[in-house]
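**Student:** For what it's worth, my numbering labels the leading residue of the sequence shown as 1396, then goes sequentially.
Keep in mind that the hints are not guaranteed to be accurate.
Stated by the list, open to error - Lysine to any residue pairs mimicking SDA-like chemistry, simulated, CA-CA at most 25 angstroms apart:
#1 LYS1420 / GLN1491
#2 LYS1420 / PHE1527
#3 LYS1420 / GLY1484
To be verified - Simulated DEER-style distance windows between Cβ atoms:
#4 LEU1519 / TRP1421: 17 to 27 angstroms
#5 ARG1502 / GLY1439: 44 to 54 angstroms
#6 LEU1509 / GLY1439: 44 to 54 angstroms
#7 VAL1523 / TYR1490: 27 to 37 angstroms
#8 LEU1444 / LEU1477: 21 to 31 angstroms
#9 GLN1480 / PHE1435: 46 to 56 angstroms
Treat the hints as calculated values from the structure; they're not laboratory data.
Given the structure is predicted, the values throughout are model-derived calculations rather than measurements.
Positions of the beta carbon are idealized from the N, C-alpha and C atoms, including for glycine.
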Amino acid sequence: MATGGWAMDVERQTAAVDSLREWSKWSIGLGFLSATGCVFVLQGGVPLLAQIFLVLAISAFAASVLCSILLLRVLATLVERLPVQDGQGSPGSIYQQQLLPGLTVARIAAAQLLFLMLGGASFLAWIVAPLF
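Generate the whole structure from the sequences, applying the supplied hints.
**Tutor:** What follows is the structure in structure tokens.
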């Protein structure tokens, strides 16, 4: 019976890795296309305030893509070590796996999403700024 419970935990860990991997792939595509669009707008010549917002958006989208690439690399390594266990030998969370002291999978995923949202907010600020 314990084997069945263990298998479910391994399945959940695998599902979590797969979900993060798929989201990271989408995030790379979205961030790359968004940054490329901002670069094209910026090259067309825009006022200084718009340039600031666009450069912020490009930087945030680029940071999001870099976080996504790092996360994909980490997840590839993590799959080799499944099932992940905590200090007591019971199944642990993949999100709490530390790469460096204080740097976990959860923090990389949070940074990825934060940079993507910051890029989107900067892009929206560029759109809305001329209205005021």
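**Student:** When the structure is checked against the list of hints, which entries are broken? Sort them ascending.
**Tutor:** Structure breaks hints 2, 3, 5, 6, 8.
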